[in-house]
Amino acid sequence: MTQTEISFKGRKRPLETALKAAFFLSSVIAIAATVGIVLSMLFETIRFFEHVSLSEFLFGLKWSPQTAIRADQVGSSGAFGAVPLITGTLLISAIAMVVAAPIGLISAIYLAEYASNRVRGIIKPMLEILAGIPTVVYGFFAALVVAPFLRMTGGQLGLEVASESALAAGLVMGVMIIPLISSLSDDALNAVPNALREASLGLGATKAETIKKVIVPAAIPGISGGFLLAASAAIGETMIVVMAAGLAANLTANPLEAVTTITAQIVALLTGDQEFDSAKTLSAFALGLLLFITTLFLNVIAMRIVNKYREQYD
Amino acid sequence: MSKPPIITARDVNVFYGQKQALNGITLDIPRNKVTSLIGPSGCGKTTFLRSINRMNDLVDICRVTGEIKIEGKDIYDKDVDVVELRAHVGMVFQKPNPFPKSIYDNVIYGPKIHGQIKSKADAQEIVEQSLRRAGLWDEVKDRLHESGTGLSGGQQQRLCIARAIAVSPAVILMDEPASALDPIATAVIEELIDELRKKYTIIIVTHSMQQAARVSQRTAFFHMGDLVESGATKELFTSPQDERTQNYISGRIG
Numbered sequence: 002m003t004q005t006e007i008s009f010k011g012r013k014r015p016l017e018t019a020l021k022a023a024f025f026l027s028s029v030i031a032i033a034a035t036v037g038i039v040l041s042m043l044f045e046t047i048r049f050f051e052h053v054s055l056s057e058f059l060f061g062l063k064w065s066p067q068t069a070i071r072a073d074q075v076g077s078s079g080a081f082g083a084v085p086l087i088t089g090t091l092l093i094s095a096i097a098m099v100v101a102a103p104i105g106l107i108s109a110i111y112l113a114e115y116a117s118n119r120v121r122g123i124i125k126p127m128l129e130i131l132a133g134i135p136t137v138v139y140g141f142f143a144a145l146v147v148a149p150f151l152r153m154t155g156g157q158l159g160l161e162v163a164s165e166s167a168l169a170a171g172l173v174m175g176v177m178i179i180p181l182i183s184s185l186s187d188d189a190l191n192a193v194p195n196a197l198r199e200a201s202l203g204l205g206a207t208k209a210e211t212i213k214k215v216i217v218p219a220a221i222p223g224i225s226g227g228f229l230l231a232a233s234a235a236i237g238e239t240m241i242v243v244m245a246a247g248l249a250a251n252l253t254a255n256p257l258e259a260v261t262t263i264t265a266q267i268v269a270l271l272t273g274d275q276e277f278d279s280a281k282t283l284s285a286f287a288l289g290l291l292l293f294i295t296t297l298f299l300n301v302i303a304m305r306i307v308n309k310y311r312e313q314y315d
Numbered sequence: 297m298s299k300p301p302i303i304t305a306r307d308v309n310v311f312y313g314q315k316q317a318l319n320g321i322t323l324d325i326p327r328n329k330v331t332s333l334i335g336p337s338g339c340g341k342t343t344f345l346r347s348i349n350r351m352n353d354l355v356d357i358c359r360v361t362g363e364i365k366i367e368g369k370d371i372y373d374k375d376v377d378v379v380e381l382r383a384h385v386g387m388v389f390q391k392p393n394p395f396p397k398s399i400y401d402n403v404i405y406g407p408k409i410h411g412q413i414k415s416k417a418d419a420q421e422i423v424e425q426s427l428r429r430a431g432l433w434d435e436v437k438d439r440l441h442e443s444g445t446g447l448s449g450g451q452q453q454r455l456c457i458a459r460a461i462a463v464s465p466a467v468i469l470m471d472e473p474a475s476a477l478d479p480i481a482t483a484v485i486e487e488l489i490d491e492l493r494k495k496y497t498i499i500i501v502t503h504s505m506q507q508a509a510r511v512s513q514r515t516a517f518f519h520m521g522d523l524v525e526s527g528a529t530k531e532l533f534t535s536p537q538d539e540r541t542q543n544y545i546s547g548r549i550g
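Top line first, the protein sequences correspond to chains A and B.
The working numbering applies: residue 2 is where the first sequence begins, and numbers increase by one.
The working numbering applies: residue 297 is where the second sequence begins, and numbers increase by one.
Just so you know, the hints here were simulated from the structure itself, not pulled from any lab data.
Some hints could be false.
[Claimed, not checked] Far from chain B, by Cβ distances over 10 Å, these chain A residues were calculated:
no.	residue
1	Thr35
2	Ser41
3	Arg48
4	Gly79
5	Ala80
6	Leu131
7	Val137
8	Asp188
9	Leu197
10	Thr282
[What the hints assert, rightly or not] Here are some chain B residues the structure puts well away from chain A; computed CB gaps all over 12 Å:
no.	residue
11	Gln314
12	Trp433
13	Asp438
[Said to hold, decoys possible] Here are some, though not all, of the chain B residues that point toward chain A, as calculated from beta-carbon distances under 10 Å:
no.	residue
14	Lys408
15	Cys456
16	Val463
Even for Gly, the Cβ is constructed at its ideal location relative to N, Cα and C.
Please work from the sequences and hints to get the whole structure.
Here it is, written out as structure tokens:
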């Protein structure tokens, strides 16, 4: 009796190997680019701190990056205190959150708990369209419609409103992040198991009581994660503030005054011809890194909260 | 003379859109007894249970005709407030569903929304009494302010029972309350049900005929939206009148 010889040796599969390499490369490119950007920001930032001390940058109250071209001119050294930019950024973002948080959350509650499928099918895509409007259009709207309107209304009320007020930029930015908040809150509310709604209604609670006492508290982690992501988007938003917030680095908490933001300053610093080793140009990198660290920090916390919450009900 | 039934259902039809889920159910539920509703999946037993506290109202396409009276009052009357109805008819669900709140807050939830609590002492008394009746007090009395979701499955289900009892309902509906539990936790729940019927009328939907036989005094057998047969549990299991009942309890259908 003869036995068939069997072999477990595989043939070469070059396509498999090539594809695997291609997949790996694609994923590495995105990461490598990010790492490259961060590193270059880091190196330029280090160069910036050869001109300006870290404490002056972080705690200095005056921002005036214009340095003279020749050393003997007046005002040859600029001031690089980032505090007015940080407060300006926070002021505008805070106004945006004051607008967007309640409207976004309440509309999410409406969508998740009250809206019929038909209404939901209309409103949700509309919110998504709102999220797709280019920010330059918002900026435009803020600068040409909202800001003049606020200035005019303020004038009639006897208030001094700057033509590029923090309020105008903040209000429009708030509208911009409403879809972000409502969509993430809607997800969080929908993730609350139906069993909890039934438990509450079965005990004789009304719908409003159920939402207030059971559904929203159960969704709070997801909702707050959404708020943090929205805040991070507001802090990093550029076009609206470039067009509507102005460039005056005022240290103020008055929303009717003009303020400037980190992003708007970066744009201003790098627009036009620049010397690449002046403190003025290098300061843009320091600001960029500061912004990057802030939003990264917010995003990481937000994602952690959101993910932890998801696991809870799976 | 036996007491009059607490719930009387007359010719109850339930429709989901075009589909009819229950066909003219007429059934009396005796007070302070356990009535079990049995039958194969999709037979309408849960639909019937949920029409007793009008949880079916939550389904947009659901329509109920006929008459269900509790203590002589038609619960589908126009002037009936489901909030009040559900204060008198409590419900325990298939999967334990405690709120992600403390044990204490879970129990006090119902009494609070119904304004049954006047003082902190009231609240404490309701919590202790409800947890005692649900047989959970000794296990949780030292950790009332820990989360209810941290308890074991069986404890969670007893917490849900305590939560339902806290509102002092007359009737407790249980939708397969032990189906997500292990045999030991199930035994504890079954003993509890037997204890609870002294004070409450209980209607329980169950997939397990053994469970129906163990805990209930009355049994109703549903099949494809019809109430096939109902009667004393012992009789229904030993001498079923209808062939479908016989087939089901002997394991030939379902």
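Here is how each hint holds up against the structure:
no. : hint   : verdict
1   : Thr35  : 37 Å, holds
2   : Ser41  : 46 Å, holds
3   : Arg48  : 51 Å, holds
4   : Gly79  : 54 Å, holds
5   : Ala80  : 52 Å, holds
6   : Leu131 : 28 Å, holds
7   : Val137 : 43 Å, holds
8   : Asp188 : 17 Å, holds
9   : Leu197 : 6 Å, violated
10  : Thr282 : 52 Å, holds
11  : Gln314 : 18 Å, holds
12  : Trp433 : 20 Å, holds
13  : Asp438 : 25 Å, holds
14  : Lys408 : 9 Å, holds
15  : Cys456 : 7 Å, holds
16  : Val463 : 6 Å, holds
In summary, the one numbered hint that this structure violates is 9.
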